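Novice: First to last, the protein sequences are chains A and B. Numbers 1 to 441, taken from this note's numbering, label the letters of the first sequence in order. Numbers 1 to 314, taken from this note's numbering, label the letters of the second sequence in order.
To be clear, the hints were calculated from the coordinates, so they are not data collected in a lab. The model shown is predicted, which means the values in this text are computed figures rather than measured ones. Ideal Cβ placement from N, Cα and C applies to all residues, glycine included. Careful: at least some of the hints might be erroneous.
[As the list claims (entries may be wrong)] Selected chain A positions facing chain B (in silico; Cβ < 10 Å):
1) Gly77
2) Thr79
3) Pro120
4) Asp248
5) Leu251
6) Pro260
7) Ala416
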Amino acid sequence: MNSRLSRRTFLKGTGAAAVGAAAGSPFGASAASNRSTLAPRRVAQNGDSITAWMFGGVPGQLEWYQELVAQFEDESGITVDYQERDWARQREDILAALTAGAMPDVIRVHNKDVAEFGEPGVLKALEEFDDFDDVAADFLPGYLATTEHEGQHYGLPEGALVFIMALNQSMLDSAGVEPPTNWDEFRASAIELSRPEDGIYGYSIPGGVNLDTSYRWIPWLYKAGGRVLSEDWTEATFNDEAGVAALDMLLELQEAEAIPSGNAAYAFAENADLWGSELIAMSTEGPWWQNVMAEQYNMDTAKLTIAPIPALDQPIGPAPPATLLDMSMMALIADGNTEPAWEFVKFMRSTEHDRQFADPDRAGQLPVTTAGYEDDVEWGFIGRDVYLSEAEAVEVWPNHPSITEIQLAIAEGLNAAFAGTATAQEALDRAAANVNDILED
Amino acid sequence: MSTVEAGEIRAPSRVSVRQAVALAWRRKTPYLFLAPALLTLATVILYPILFNAQLSFFATRLISVELGDFVGCGNYRRILGDDDFWHALRVSLTFTFASVAIAFVFGFAVELIMNEVGRARPVFMALLLIPWVISPVVAGYSWRWLFNDQFGLVNKLLLDLGLIERNIAWLARPDTAMVAIVVANVWRFIPYMMIMMLAGLQSIPRELYEAAEVDGANVWQKFVTITISELRYIISVVSLFSIIWSFNDFVIPYIMTQGGPARATTVLPILVYRTAFEALRLGRGAALAMVILLILLFFSVIYVRRLLREEKVR
């Protein structure tokens, strides 16, 4: 059985981080490794060069990374062919490059890729580097564990993408609605905020056959106490009582016209367009939302409030309520130019740079090292306390080698329900049957 | 043997050898001219087909460098026993025949109008060709936004005309999503239909119409007995090509709906993509592609037979 990340591991890591941030970090310099935090080791041979594909990233972060790459090239003598690529196309790009034998040396991807690409040997296990233990000591254990598969780590964590509820405070104020804290309040608020005749809706969630859909429904499942797979990964469990309740609640809102009827055709872009046009008051998003709204939609971020995704007063699933954590990570390609690539990844993910990660002019997101939570680190992004408290109870997608196929099967089920061709139970049962086939294979 | 005698004997012999060599060269020359084209076709068409056929008998994973286990006809059995395949086949046939039939009607109408346009024809032709020359990806995204439930111009237009009272979620309902992708495909195919049939129309001798008028034929009779009759070959060729292209089309349905909602627009090429590139089951995806190839070969055989019959008539 593949090694998996337990919830306890997360609590240990992120809980300590939160306490550390509030009361002086016990994970400061003493807990960190002795490695040099900034200067890359001069390992370059004449003409050493690497290619790095950076999928996604918010606008401020991309500019900052370009500066870091130039600094790395100066200090290390290694040339970096640094390419910014579309986050949504990462899998296609990687598969195409893999088939053509034209892989880069470094990629920034999801942590869920550790099993899918780590198991067949596409990614390099970082344990093969002598100084990995030193480097690993800098990272919060819970976050580092997200990049682990069968006892080996296939990437260094970059940004902790904790899913929360993004709220348009201006719309809430106009309607006299408080941020909802449980499902009943959420239902009532979403309906109260909606004026479908004017194209205004209380809540929106992508419902198309795409990964955005499954990513935004899973937090509702987790909050209800449900999980994607059974403990031993032999069976789909997202169609249990918790899953059906989570989907039924959204279908009720769709029926009440508190969710756009067109959501069965939405991906991230359509949802963001509606939110950026202030036609949606609430959406399930994460730390990227502030930067995307400010930079791509010129939205006044004073209107943005962050709240936890509402939970049930009494969870109905077997597991404790949690929210979804997705981790971006930097990974090395196994047959790439690994030594200089490792130097590059260590430089980019150094504690010094992680301390700057929370700066809203840079990434504006949750750091992942203990140093990032020290008292003197400036946090400027909206909803810091909410993110920290939510990070106390998070759950990742199962690091299963067929996780993308599983995610798409779930999306297909959700899509059928949002399109009105199946009830919540029917749609999830059908998706679960497909996932069970995948697990059996 | 004297020299003269020998010469008398040898002379014809030398001529015949030269002739034989020349004849052989002459016979080979066409093949030499054809060789580059045949080699290219073998490299870019035959080899991929054979490789794909080989893959279809293995449980190959896309991210593995190995072929995987030999499964015989296992992939084919799995496909043919899978409801997803039959559903996608039905969707593909609906999409293809609806698109081609509607594009044909509109293309034919536009062609008849264009045939009557005088000096301004090149301008109209250039404008009408835009849907055909535009990238299908761009066309797909454009239509996706035109049919957007909140911001789309289609809803705006219908609302302004008073034909609907509220926005329609075109791409989010199974019935209207199929309509939307067919509209986009029809829009792309009309110029092709129009230009091909216009070329055919202009090759019909005017004398035929004049003779029919002398015989007292009305407009409908002239249209059926001359226009349709003379265009029948080109109509069948254009329709067959359109059927093959539409059946193979991945871009428009995928970009507009990604096969949704509720699989309503999951055409066979999307199923192949899902299987091979999203689920990474390259072997099963290859088997699906082979099945599509067989279906398209059926249409191709009709085309070739039609072509040969027409040549025989001429």
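Novice: Tell me, in ascending order, the numbers of any earlier hints that this structure violates.
Specialist: When the structure is compared with the hints, numbers 1, 2, 4 and 5 turn out to be violated.
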